[in-house]
Every structure is written in C-alpha cells, then in structure tokens.
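Peer 1: Take a look at the letters that make up each chain.
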Amino acid sequence: MREPDPLPASAAPRPAMPKGRWVDVAGVRTRYFEAGTGQPVVFIYGGNFGMADGASSAYTWNLNLQPLADAGYRAIAFDKLGQGETGNPARDQDYTMQAVVDHAAAFLRALDLPPAHLVGHSRGGYAATRLTLQHHDAVRTLTIVNSGTLSPGVGTNEVVLCNPPHPRGSREAVRWVYENYSHDPGVVTEEWIDAVMGILSLDKYRHTVQKMAGEGLAERVFLPELAQQKGQTLRWLDEGRLQRPVQIVWGYNDRTAVLERGMELFRMVARHQHDAQFHVINESGHFPFREHPAQFNALLARFFALQPAQ
Amino acid sequence: MNGASVTALALHSHTLNINGRAARILRDRESDSATVFVHGGAPGITPYSSGAHIWGPALARFAEDGAVLALDLPGFGASDAPDGPYTIDTMADHVDAVLRAAGVRRCHLVAHDTGGLAALLLACRQPGYIDAVSIVSSVAAAPTGDGVENTALAYPPQPLGSRESQRWALERLSYSPHHVRDVLDDCVRAAQQAPHLAAAARMAEPGAAQAWTTSVARAKARLFELCRGPGVPVPVQVAWGTHDPTGTIDQGLWLYRILAQRQPIAHFHLINRAGALPFRDQPEVFHSIISAFSDAMR
Numbered sequence: 000m001r002e003p004d005p006l007p008a009s010a011a012p013r014p015a016m017p018k019g020r021w022v023d024v025a026g027v028r029t030r031y032f033e034a035g036t037g038q039p040v041v042f043i044y045g046g047n048f049g050m051a052d053g054a055s056s057a058y059t060w061n062l063n064l065q066p067l068a069d070a071g072y073r074a075i076a077f078d079k080l081g082q083g084e085t086g087n088p089a090r091d092q093d094y095t096m097q098a099v100v101d102h103a104a105a106f107l108r109a110l111d112l113p114p115a116h117l118v119g120h121s122r123g124g125y126a127a128t129r130l131t132l133q134h135h136d137a138v139r140t141l142t143i144v145n146s147g148t149l150s151p152g153v154g155t156n157e158v159v160l161c162n163p164p165h166p167r168g169s170r171e172a173v174r175w176v177y178e179n180y181s182h183d184p185g186v187v188t189e190e191w192i193d194a195v196m197g198i199l200s201l202d203k204y205r206h207t208v209q210k211m212a213g214e215g216l217a218e219r220v221f222l223p224e225l226a227q228q229k230g231q232t233l234r235w236l237d238e239g240r241l242q243r244p245v246q247i248v249w250g251y252n253d254r255t256a257v258l259e260r261g262m263e264l265f266r267m268v269a270r271h272q273h274d275a276q277f278h279v280i281n282e283s284g285h286f287p288f289r290e291h292p293a294q295f296n297a298l299l300a301r302f303f304a305l306q307p308a309q
Numbered sequence: 000m001n002g003a004s005v006t007a008l009a010l011h012s013h014t015l016n017i018n019g020r021a022a023r024i025l026r027d028r029e030s031d032s033a034t035v036f037v038h039g040g041a042p043g044i045t046p047y048s049s050g051a052h053i054w055g056p057a058l059a060r061f062a063e064d065g066a067v068l069a070l071d072l073p074g075f076g077a078s079d080a081p082d083g084p085y086t087i088d089t090m091a092d093h094v095d096a097v098l099r100a101a102g103v104r105r106c107h108l109v110a111h112d113t114g115g116l117a118a119l120l121l122a123c124r125q126p127g128y129i130d131a132v133s134i135v136s137s138v139a140a141a142p143t144g145d146g147v148e149n150t151a152l153a154y155p156p157q158p159l160g161s162r163e164s165q166r167w168a169l170e171r172l173s174y175s176p177h178h179v180r181d182v183l184d185d186c187v188r189a190a191q192q193a194p195h196l197a198a199a200a201r202m203a204e205p206g207a208a209q210a211w212t213t214s215v216a217r218a219k220a221r222l223f224e225l226c227r228g229p230g231v232p233v234p235v236q237v238a239w240g241t242h243d244p245t246g247t248i249d250q251g252l253w254l255y256r257i258l259a260q261r262q263p264i265a266h267f268h269l270i271n272r273a274g275a276l277p278f279r280d281q282p283e284v285f286h287s288i289i290s291a292f293s294d295a296m297r
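Residue numbers (numbering that gives the first Met the number 0), protein chains in the order written: chain A, 0 to 309; chain B, 0 to 297.
No wet-lab data here; the hints were simulated from the structure.
Please note: incorrect hints may appear among the correct ones.
[Said to hold, decoys possible] Where chain A lies over chain B, by a calculated footprint (3+ residues, C-beta under 8 Å):
1. 65 to 71
2. 85 to 94
[Stated by the list, open to error] Beta-carbon label-pair distances, calculated as ranges:
3. Pro151(A) to Thr143(B): 40 to 46 Å
4. Pro307(A) to Ala193(B): 58 to 64 Å
5. Thr143(B) to Arg28(A): 58 to 64 Å
6. Glu190(A) to Ala216(B): 33 to 39 Å
7. Gly55(B) to Arg108(A): 42 to 48 Å
8. Gly55(B) to Pro113(A): 31 to 37 Å
9. Ala216(B) to His273(A): 50 to 56 Å
10. Arg240(A) to Ser175(B): 50 to 56 Å
11. Arg108(A) to Tyr154(B): 58 to 64 Å
[As the list claims (entries may be wrong)] If the Cβ cut is set under 10 Å, some of the chain B residues that face chain A in the computed set are:
12. Leu25
13. Leu183
14. Val215
15. Thr247
16. Arg256
17. Phe267
18. Arg272
19. Ala295
Glycine is no exception: its CB is placed at the ideal position from the N, C-alpha and C atoms.
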C-alpha cells in the first residue's frame, strides 16, 4: 500500500505568483516578486543567461513564495542578471557568475533588507553560497538545493541533458529537458512550460542566447570564469569561511546532481559549521521544491525558526 | 520557536496493566493522537539503561506542539520483562498493546535503535493508528553486510549498571558528554528496578543473549523483504548523527535507500555533531527535523 503525497505538485492548488515589481539595481532594471511580512527569505533559482532549451525565472518558486509568507516570512524571488525579465549584462565581460552574484548582492541592498535567509537552487545554490562568502552581513542562513555547480564532484547535466531530440528552443525540447530533470515527468505542467517559453521568447533573452551560444561567450567567458572562481569558493568553504547556519536539501532521484554530490558538499561544510543539516527527499529529481513543495516548505520554515531572534 | 521560552510541561508517569504485566508510560495529556517515542537498547545487555527517560528535554519540546507519549519497553524502566524469549516482536507487540490501551488512534512513531526496527515492523502490520514513522540512529535496522565488529561498547567498566559504567557508555555514545549528567540518575535508577534486573538475569541464562541477537537479524531480514515487496505503508524518515560510533553514515543511508524503494514519502537527515543519541546531543535540531515531517503531512 502506498499513501499518496498529501500535496503532489501535479494536483496541489497552485498558488498564483504575487504581482511583479521592479527595482533599479545598480542600473539594471530588476524584476521581483514578494509575499508576506517578517524576516526576508530570498530565493535564487538556477541556470544562467543564454540557455536555449530551458530558462528559469522567479516563477520557478511559485509553489514556495505564498506558503513561506503564510509561515510568517517575507518571501522574495527575483530575476537574476540576464535571466527572466531582468536586464542583461552591459558588457561582454559581465557574462560571468561573479556579475550575477554582484547583482544579487546589490538587489538585497536595493531592497534595504535585513540579513536574509537565502535559498539557492542548482547554479543559484552556488551563487547564494558565493554571495554569503562575500557578504556575510547580508545573510542570516543559507539553504542549498541540489547544486552540482557548488559540489566539488562532477555534475552530470551535460550528459543527461545533452542535445534534446527536438528542435532547439522548441516547446518539445523544453519539456524534454525538464522531464529529464524530474523524477515524475507529470510535474512538468503546461503552466511551467508556458513560463519557460515566455522567457525564451523575449528579445532581451534571445540577445543573451546570441551572446552565449552565437558569439561563444559561454566557452570564452562564462565557463572559464566560473571554473576559476569555483576553485576559490571551494577553498573558502574548506577554510571554514561560510560561518552562517547552512542546510543542504537534495532530491534523491536527481540524475544531473546525484546524491553523492550533496553528501560531498555536506561533509565539506559540516566540518566547520556545527549547525549544518542535510536532508534528502524521496521521489524527487532536480527540483524538490516543485516536486514536493509541502515537504520542502516545512523544512525551510522549521530551519529558519531554529535561529534565535535577532 | 524563534527563541520563545520553553515552558516546563509536566510529564506524568502512568502504569498500564497489559495482560497482567506493568507497562509504564510517560505522557503530558490524555489525547487520541500523539507523537509516540520508543527507546532502544538490548534488554539487560546494553551497558546504559534506556527507557522513556532517555528522550530527555526533547519530550517537553514536542509537548509544546501537541500530545506526547513515551513508553518503557518490556524489561526496561518500570515495564515488566516477559517470561518467554525476548525478541524484536516482543517490543513491537508491547508498543501495539500500550497504544491501544492508552487510547491512541493516530500517532507519529519516533523510534530509536532497536525500537526503530520494532516500529517499522509494527507499521508494516498496518495497525491503522500509525501516520508516520521516524527512525533515529537505528543501526539495528540498517544493513551490516559482512561488516566489522562494532566495539564501541565492548569493554564496559564493572559492575554493569553502576553509575560509572553507565556514564562511560553514555559518554562513548555521544558527540559531547555534557548531556550525560542530566540523564545519569534516571539510568542508574532504571538499572536498579525489577524489570531490568529480571531481563539481565534472563539474558545471562545460556543461549538467551544469542537468541536475542538472532531475533534482531531475522527481524531485519523480514523488514528488508517487506521493503522489497509492499514497502512500509506509511511515510517514513531516517535521522542519523554524523558521529554515531555504533553505525556509519553509509549504514543510515542504506537503510534509507531500502525504505525509499517503495515508500514515496521518505526523508533522510543528517544531524551534525551528534552521536548515537542525537536527540540528546542536538535536541533542538532533532525536534525541528521530526516536526517538519509532521508539518508536511498536515
């Protein structure tokens, strides 16, 4: 006998995104969404500008914003530099992870937030960790979700998701990518695909695809810079510079960032961070917060509540 | 939460009569739904005396959120030892009888060590009142393969059950010895009570300890078989300390892998800087993890 998930992502009532807002972040028009009041929780999604077969945006967190608001927090999701509806990097040399992290830190300042609970997924987990290491005062706690980018081991995205068997950038290709990220392909709803296609069709986003793929900034600028700074980021983690409460949440069935990547990461941070926690969620691929939002949101709220009042 | 003061909630001790035997429980209130705590240990053998008291301050913390019930397994604390051979089923039957007698109709079972193995097998019987099971540091339920003998508690100071012997065992099992002074009196008292003395005498008889070890191995094999087949029928999670001297993280993770085969709602958690008694080493984190699972079921 199996009990159904009390809130399977495919059947749960889908909280609508709050009304979008705009803020100027060091000259970059930045899109964000927020719900609730209380200590800020800032969600940082994954991916990067210029990807042709997938595009994360603040919508990625639509199953988490309102529940965290209901739990007593000010839940915020913003579009990263060059992603979603936020403006693009101004210069070719800004097509870097560091520019994304700088923009995220400037976003926290632009909203004049007190130290925030950061929740970063995948490449956003890397960005959130780098942000914490560079701006400790902006961060209350750090939650890292299925981040192969941050883990010292080898990620397998490029293997599992290589060359979708559909025309580049088509709805079918996008669906294929997210289905392969997920444990249950049923969680890849039309609404999710709509959100991705909406971003892919923006002129400003197509510009980043042209830059990264067409002009080769991915191989020339973005990936080398990421590889170089990742060495530094891992050294900083090894040196115990994180110095904020951290939890790592992992979807058990992720084929792109497998469980061992999470274990390695946990061992690395737990050596220095006495309050480190590690959580695994079953029947979940790369997006545990979309496949099992109730389980994920409960872990967040309980972790935040552990922190003493400031 | 958020640093709110912890109210001292009174836990009351009750003795139930189960088929003519005393069965002791601790509970904070009468309720038909509760978080139920089942301790571990091998009766009359483990060199620290477990029982409802082992959960310590965690019980009061859980009682702030809802009813709690902790029990003494047979041959521990103030619950009479059985006459016949002692097996994992002795434990599972006892939990079942106690919860029925106490009027519990819905519960989240939180079970430690050997109690974890008993709780999983009880859940597989589908008694109807178990909503979820949390298994804590239960090397008894984890696969061992052709493992190396665990010698964490191999040479306890004599006499067994004494204050010094129990202090030694609790400190060796823990990441930090600081909590030990808070539970030592209760453990020493438990070792002096008739149920423990009877269980210790029984286990000293020829073949008794071997029969118990065999029962654990067979119960484990039955669990793995059930997990390959229908699976544990309720949401289940495994919580493990990073510094458990009785079982490796890998063993905890393999127990999780086995449970996760057939139960879609399954979590695995590592509690940093905790030994074999993570609810004592890290009571706040332990409470948070167990409660998040309950929250998600609501």
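Peer 1: Could you tell me which of the numbered hints above are not met by this structure, giving the numbers in increasing order?
Peer 2: As far as the earlier hints go, 1, 2, 3, 4, 6, 9, 10, 12, 13, 14 and 15 are violated by this structure, in ascending order.
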